[in-house]
Amino acid sequence: MLIARQKKQENIAEYIIYMYQIEDLIRAHKFDLDSIMENVVKPQLPDDSFVNQYRNWYQELIESMQTSRIQKKGHLPELNEIMIEISYLHNTLINMTKDEKYIGVFERATPYIDEFKEKSDLKDKNQLEVAFHALYMKLLLRLQKKEISSETEEAFDSMRVMIAYLARAYHKMKSGDLDFLQN
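Using my numbering, read the sequence shown as starting at 25 and increasing by one per residue.
Don't take each hint at face value.
Unchecked claim - As a list, the in silico DSS-like pairs of lysine-lysine whose alpha-carbon atoms are at most 25 angstroms apart:
1. K122 to K54
2. K31 to K97
3. K31 to K198
4. K97 to K143
5. K97 to K198
Derived by calculation from the structure, the hints in this document are not laboratory data.
Take the sequences, apply the hints, and build the full model.
As structure tokens, this is what we get:
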């Protein structure tokens with residue numbers, strides 16, 4: 025909860041990937057709030073002062089996932105809304121402001137995104153969603169201590185650079201500091 029709040033304020037891309045992990049954690053615990061609290065939350069807290077806040081936060085996420093019927097796969101409505109905003113920003117940077125730097129990082133990442141999309145179960149997703157899922161997959165591989173080849177690392181890195189650019193632009197946009205007339 026506290027980590028999510030901080031990531032949302034500081035780096036929207038990290039927030040999205042973190043929340044993908046939280047969704048999977050909830051699924052792994054079969055939407056059992058008590059199990060999440062006992063096995064995940066309480067062991068990480070220095071004291072019990074935040075227990076109720078975490079319980080309420082996880083309860084709201086569980087209810088939202090159940091209401092949205094994303095028990096097996098899919099993402100929270102809030103994450104989908106953020107992805108829509110990021111997609112609009114992406115399209116604006118490419119088609120309206122013609123941001124050359126962003127176009128360059130996007131073009132470098134595109135072949136890797138398309139290759140990942142072809143090899144994955146994400147054929148119905150747009151390129152940005154595929155890139156976020158690829159970076160989430162990298163996190164999972166690292167957590168499992170699996171080796172990542174240099175070619176795959178290069179692909180992940182190109183997507184990371186693209187997503188990082190979008191994340192910075194997103195925060196500028198949300199704070200009113202992004203001037204679409206002058207990129």
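Hints versus structure:
| no. | hint | result |
| --- | --- | --- |
| 1 | K122 to K54 | violated (45 angstroms) |
| 2 | K31 to K97 | holds (23 angstroms) |
| 3 | K31 to K198 | holds (15 angstroms) |
| 4 | K97 to K143 | holds (18 angstroms) |
| 5 | K97 to K198 | violated (29 angstroms) |
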